[in-house]
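Q: Chain by chain, the residues:
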Amino acid sequence: MTQIARIRAFICAEFAPDIQPQDLPADLDLIQSGIIDSLGVLKLVAFLEDDCGIAIAPEELDAELYQSLDAIAALIDGKTANAA
Amino acid sequence: MTRSLTLPATGAPPASFRADLVAELCQGLDRWQGVFNSNWQEDDRAGVLSQNRWQAVCEAGLTALTIPEAYGGLALTAAELAQVLEYLGSICEDSGLGFTLATHLCSTCIPVARFGSDALKAALLPALAAGDCVGAHAITEPDSGSDAFAMRSRAVPGPGGYTLSGEKCYISSAPLADVIVVYARTHPDKGALGGFSALAVDRHLPGVTVGQPRSKMGLRTAPMADLHFDAVAVPDGALIGREGQGFSILDYVMKWEILCVFALQVGEMRRQLRRSIDWAKGRQQFGQAIGNYQAVSHRIADMHMRLEGAANWLSRAVAAMEGGGRASLEIASAKLAISEAHVANSLDAIMLHGGAGYMSETGIEAGLRNAVGGLIYSGTSDIQRNRIAAMIGL
Ligand SMILES: Cc1cc2nc3c(=O)[nH]c(=O)nc-3n(C[C@H](O)[C@H](O)[C@H](O)COP(=O)(O)OP(=O)(O)OC[C@H]3O[C@@H](n4cnc5c(N)ncnc54)[C@H](O)[C@@H]3O)c2cc1C
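Going down the list, the sequences are from chains A and B. FYI, the numbering for the first sequence is 1049 to 1132, going by my numbering. FYI, the numbering for the second sequence is 14 to 407, going by my numbering.
Worth flagging that the hints you see were computed from the coordinates, not collected in a lab. Watch out, some of these pointers could steer you wrong.
[Unchecked claim] Computed list of chain B residues with no C-beta within reach of chain A, every gap over 12 Å: (1) 47; (2) 60; (3) 74; (4) 82; (5) 106; (6) 223; (7) 243; (8) 264; (9) 304; (10) 340; (11) 341; (12) 393.
[Unchecked claim] A few chain A residues that don't get close to chain B, going by computed Cβ distances all over 10 Å: (13) 1056; (14) 1057; (15) 1060; (16) 1071; (17) 1094; (18) 1129.
[To be verified] Chain A stretches covered by chain B per the calculated footprint, using a threshold of three residues with CB under 8 Å from any CB of chain B: (19) 1073–1082; (20) 1109–1116; (21) 1119–1127.
These numbers were taken from a predicted model, which means no experiment stands behind them. We put the beta carbon where it would ideally sit given N, CA and C, even for glycine.
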């Protein structure tokens, strides 16, 4: 499974058990739609850090960065590009 | 006391750990011990912070511990800070003093250094480092405590700044603070994420009212008051980080606050246990030292187990803060474990000392009154349990 596919599966399992991972639109606003709330962002960050090995700085605990799967993918791409 | 008892408590230090600096800082504190501990019970009874003692905290360099070096501080890492504060807790009997220091560091020094603009850092950090400027933070309101982001305080953006209005309550250090980091809603349509901001508010601005000092169960030498903001004109430059970043800043600040306050408490628990052991060896009843009775020795063994459990949780929290991951879970666990261990040990210390433990003049009962606060501030035990459950997948 690619990293973003794992994240997609995590979000559905944790926050939206009624949605099948493949049915979660990549541009859906996760916060506006109520799928992820403030505690949800902390859980997601913990997942990214602990299970995906992605370091998230305190400044990066910003709603916009986790607003959609697309946004999360862009955040991770930026980090791997920087690391490379 | 032997320092070796205290220093290894937070486990194997990370590579960046400046052991010499930490040892030097701790040694330096020994010389202030007399000032820290003289007549503190009187201040506790009167519910006041001694100016003398706070001055000693500043002169000992403690107010500068977390400030970046460029602004006159020591830029201690989480691991270094935890050791110095644990040591302070182990030698300073005036818990309210340590609590006031932790409030200063965590409320203001830490978020300004991490998120503040260069101008804000230049304006505040040197004075915060010297202790000439004292910091506090205001989150809680009459109708929002655990549910912090149900707060009603508003900071309405306008030309050149914000108009701040609202009520804050139970604000530690409010009676002595010069700058108060106030969390308020800046965006009416957004929720916890993006709707709130942190402002470093000058307490002397027109429209800021500090209430009468509040009388409380413990930490009586750490002054507390409520705050009222009546259309206070706060300049743009007071914004910490970006508008809407309040949630992230508070999450960061709370982690440091828990680290600092509970490192102090692990030190306090060490002092309490040492004192209890001495007492159990010296106090004679029925012709022998009470420590010879298994009921007493087992109580001491239990205190030791709780203390070392607390110290282990502190090291895990430190490791997580140093980049080991799982910080939210480790910090919540450490907060819950250390606060509850401290209350249990404080009650045991009173039982062990019998009537003397119940008398104010011995300072033993104050330990319990102080420890109870730890179950409430920085997120109650229930809130920590909620967070732990959420973080482990519930
Ligand atoms: C010594 C001390 C110092 C403080 N310093 C500061 C300060 O400097 N700045 C500041 O802003 N505030 C400060 N506070 C306030 C403190 O942060 C709040 O008291 C705390 O967050 C709890 O809020 P509350 O008092 O409104 O209680 P409530 O939130 O009303 O809680 C009441 C009870 O309900 C429980 N409860 C609430 N919600 C839940 C839930 N979802 N699940 C389970 N149980 C729940 C709580 O655990 C508690 O037992 C301080 C408090 C103390 C005691």
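Q: Each hint: holds or not?
A: Results for each hint:
{"no.": "1", "hint": "47", "in the structure": "39 Å, holds"}
{"no.": "2", "hint": "60", "in the structure": "36 Å, holds"}
{"no.": "3", "hint": "74", "in the structure": "26 Å, holds"}
{"no.": "4", "hint": "82", "in the structure": "20 Å, holds"}
{"no.": "5", "hint": "106", "in the structure": "34 Å, holds"}
{"no.": "6", "hint": "223", "in the structure": "30 Å, holds"}
{"no.": "7", "hint": "243", "in the structure": "29 Å, holds"}
{"no.": "8", "hint": "264", "in the structure": "6 Å, violated"}
{"no.": "9", "hint": "304", "in the structure": "45 Å, holds"}
{"no.": "10", "hint": "340", "in the structure": "8 Å, violated"}
{"no.": "11", "hint": "341", "in the structure": "5 Å, violated"}
{"no.": "12", "hint": "393", "in the structure": "15 Å, holds"}
{"no.": "13", "hint": "1056", "in the structure": "17 Å, holds"}
{"no.": "14", "hint": "1057", "in the structure": "14 Å, holds"}
{"no.": "15", "hint": "1060", "in the structure": "14 Å, holds"}
{"no.": "16", "hint": "1071", "in the structure": "22 Å, holds"}
{"no.": "17", "hint": "1094", "in the structure": "6 Å, violated"}
{"no.": "18", "hint": "1129", "in the structure": "21 Å, holds"}
{"no.": "19", "hint": "1073–1082", "in the structure": "violated (count 1)"}
{"no.": "20", "hint": "1109–1116", "in the structure": "holds (count 4)"}
{"no.": "21", "hint": "1119–1127", "in the structure": "violated (count 0)"}
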